[in-house]
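Colleague: Next come the chains, spelled out residue by residue.
Protein chains: 2
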Amino acid sequence: MSMMILMEKVVEKNSIVVVGIDPVIDRFPEYIKDGFDSSYGKLMAFGKEIIDGVYDVVPAVKFQIAYFESYGLDGMRAFKDLIAYAKEKKLYVIADVKRGDIGSTAEAYARAYFSKGSDFEVDCITINPYLGDDNNNAFYNLAKENDKGVFVLVKTSNNTSGQLQDLKSDNQEIYKYVANNIKENKFYETDHIYSNIGAVVGATYPKQLSEIREMLPQSVFLIPGYGAQGGKAEDIKGAFDSNGLGAVVNSSRGIIYSYEKFGLSISKSSRKAAVEMRDDINQWRL
Amino acid sequence: MSMMILMEKVVEKNSIVVVGIDPVIDRFPEYIKDGFDSSYGKLMAFGKEIIDGVYDVVPAVKFQIAYFESYGLDGMRAFKDLIAYAKEKKLYVIADVKRGDIGSTAEAYARAYFSKGSDFEVDCITINPYLGDDNNNAFYNLAKENDKGVFVLVKTSNNTSGQLQDLKSDNQEIYKYVANNIKENKFYETDHIYSNIGAVVGATYPKQLSEIREMLPQSVFLIPGYGAQGGKAEDIKGAFDSNGLGAVVNSSRGIIYSYEKFGLSISKSSRKAAVEMRDDINQWRL
Numbered sequence: 001m002s003m004m005i006l007m008e009k010v011v012e013k014n015s016i017v018v019v020g021i022d023p024v025i026d027r028f029p030e031y032i033k034d035g036f037d038s039s040y041g042k043l044m045a046f047g048k049e050i051i052d053g054v055y056d057v058v059p060a061v062k063f064q065i066a067y068f069e070s071y072g073l074d075g076m077r078a079f080k081d082l083i084a085y086a087k088e089k090k091l092y093v094i095a096d097v098k099r100g101d102i103g104s105t106a107e108a109y110a111r112a113y114f115s116k117g118s119d120f121e122v123d124c125i126t127i128n129p130y131l132g133d134d135n136n137n138a139f140y141n142l143a144k145e146n147d148k149g150v151f152v153l154v155k156t157s158n159n160t161s162g163q164l165q166d167l168k169s170d171n172q173e174i175y176k177y178v179a180n181n182i183k184e185n186k187f188y189e190t191d192h193i194y195s196n197i198g199a200v201v202g203a204t205y206p207k208q209l210s211e212i213r214e215m216l217p218q219s220v221f222l223i224p225g226y227g228a229q230g231g232k233a234e235d236i237k238g239a240f241d242s243n244g245l246g247a248v249v250n251s252s253r254g255i256i257y258s259y260e261k262f263g264l265s266i267s268k269s270s271r272k273a274a275v276e277m278r279d280d281i282n283q284w285r286l
Numbered sequence: 287m288s289m290m291i292l293m294e295k296v297v298e299k300n301s302i303v304v305v306g307i308d309p310v311i312d313r314f315p316e317y318i319k320d321g322f323d324s325s326y327g328k329l330m331a332f333g334k335e336i337i338d339g340v341y342d343v344v345p346a347v348k349f350q351i352a353y354f355e356s357y358g359l360d361g362m363r364a365f366k367d368l369i370a371y372a373k374e375k376k377l378y379v380i381a382d383v384k385r386g387d388i389g390s391t392a393e394a395y396a397r398a399y400f401s402k403g404s405d406f407e408v409d410c411i412t413i414n415p416y417l418g419d420d421n422n423n424a425f426y427n428l429a430k431e432n433d434k435g436v437f438v439l440v441k442t443s444n445n446t447s448g449q450l451q452d453l454k455s456d457n458q459e460i461y462k463y464v465a466n467n468i469k470e471n472k473f474y475e476t477d478h479i480y481s482n483i484g485a486v487v488g489a490t491y492p493k494q495l496s497e498i499r500e501m502l503p504q505s506v507f508l509i510p511g512y513g514a515q516g517g518k519a520e521d522i523k524g525a526f527d528s529n530g531l532g533a534v535v536n537s538s539r540g541i542i543y544s545y546e547k548f549g550l551s552i553s554k555s556s557r558k559a560a561v562e563m564r565d566d567i568n569q570w571r572l
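Protein sequence lines correspond, in order, to chains A and B. Just so you know, the first sequence maps onto residues 1 to 286 in this note's numbering. Just so you know, the second sequence maps onto residues 287 to 572 in this note's numbering.
Here are a few chain A residues that sit away from chain B, every Cβ distance over 12 Å (derived from the structure):
hint, residue
1, Y31
2, M44
3, A45
4, V93
5, N141
6, K144
7, M215
8, D235
9, G238
10, D241
11, S242
12, K268
13, R278
14, N282
Each pair of labels, with its calculated beta carbon distance range:
hint, chain 1, residue 1, chain 2, residue 2, range
15, B, L572, A, H192, 57 to 65 Å
16, B, L550, A, I193, 53 to 61 Å
17, A, E12, B, N457, 48 to 56 Å
18, B, R539, A, A84, 27 to 35 Å
To be clear, the hints were calculated from the coordinates, so they are not data collected in a lab. Each residue gets a CB set at the ideal place from its N, CA and C atoms; glycine is no exception.
Whenever a hint applies, use it, and build me the whole structure from the sequences.
Modeller: This is the structure we're talking about:
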């Protein structure tokens, strides 16, 4: 049901925008940098302002854990408390962790993000498929037990994603092997419209988006790369199904640092950027 | 110099054993489970006993961060404090994090583990190459600045590692593309015997160990899969160079839970298991 809940929130808000929270304190406005002694205080103030600004116009937020890890324990404490704050605001919460390891270790990661009541419990995470099904199944299994979602990296948005992902074996690219592997997995099956196994496919690769859409009709796509990374609304149209659903689109820097452009408060700027992005994509989606 | 320091410690201790600290509280002895209220207390007590037992007979410890993340903030606090404890004991400290992301995000991860004075600063980490050089270079770059080491996942030890890693493109396996990509990277160059870019290659794949050894003569190998995962000492011999150096071998469960087998204290059992493993491998290495 996890991905169904995400799609229900998309319908309710009429928005596929995921606000990516990638906090870099050096880029915060002075009143936050000066207003708190600890990194924890700064990260919480910034994150809460963003969530306050967007929670009623977007279905989901995505916390990029790297930015929290980079502030050590203070960062991890903010990660935990901002997850809780986003849940209070009824947002679907994605942790972008891209974990991948041998089976027993993957299970430990899965417990971290999926176990009921754990500090870092979220609705959904991203995983890296390089280690194969030992890894993937550990996440799928605990996702099923706890009704959580998983987005598998299939074709990532960055410039060098093709170095391995586009290599062809028997005339088929590696990213298609990853997609096929999802499709053939027993955990892909669902009684609902959408499987709890989704896929990450970059907005920067429109052709691949359409191809993978055909291969994985029941997967929700998490699409990074819109905005700061160069992906445009038109590039994403191939990701949606005939109902204009089946995908959510992330923007991080383009939303959370929009106060630099708009000169409004963080809350108001983030809201304005999220609404503009919603409208920009809805014209291609609906 | 980071990998040179690791090799110096190997020579000094005459051991290539890396003790993998993968703590699962359910498997701790009763006196630790009952002796501390918090997960933090239990994790610290267990970790310190292991380090006390092995620090003078092994060159390095490897913390698998998944097991710490699985205990939330308590776990992350123990991760930080056990890193500090291992450094006090002059051990080379590896954080097995297998991170991989787009460039800007990879840089945030690199700051977390490489920045001087950060909570989670270690000597060396593992990274996942699925996103290509955007990712890899962010880590290599900060590793160079801070004189740290990186182990890139090339051929992992688990059963399903071949699903993607063994696919052949133009008659060459994906894991060899990863190895080639390391070799051709400008950060691979070194004025020393060993590059600061190393490779993870599983003990469970002896043929590939020898192949990759030839491809990457200046990379130190981090070899998981010995012991609990089935890799034997003889399987590893192809990983060493003519001086018996150039590789370290990890064992986690086989050492840290050896008290279940030996019936000694955690410190004494871990030491005994680490010494037996050292001698087992030294007969093939030297």
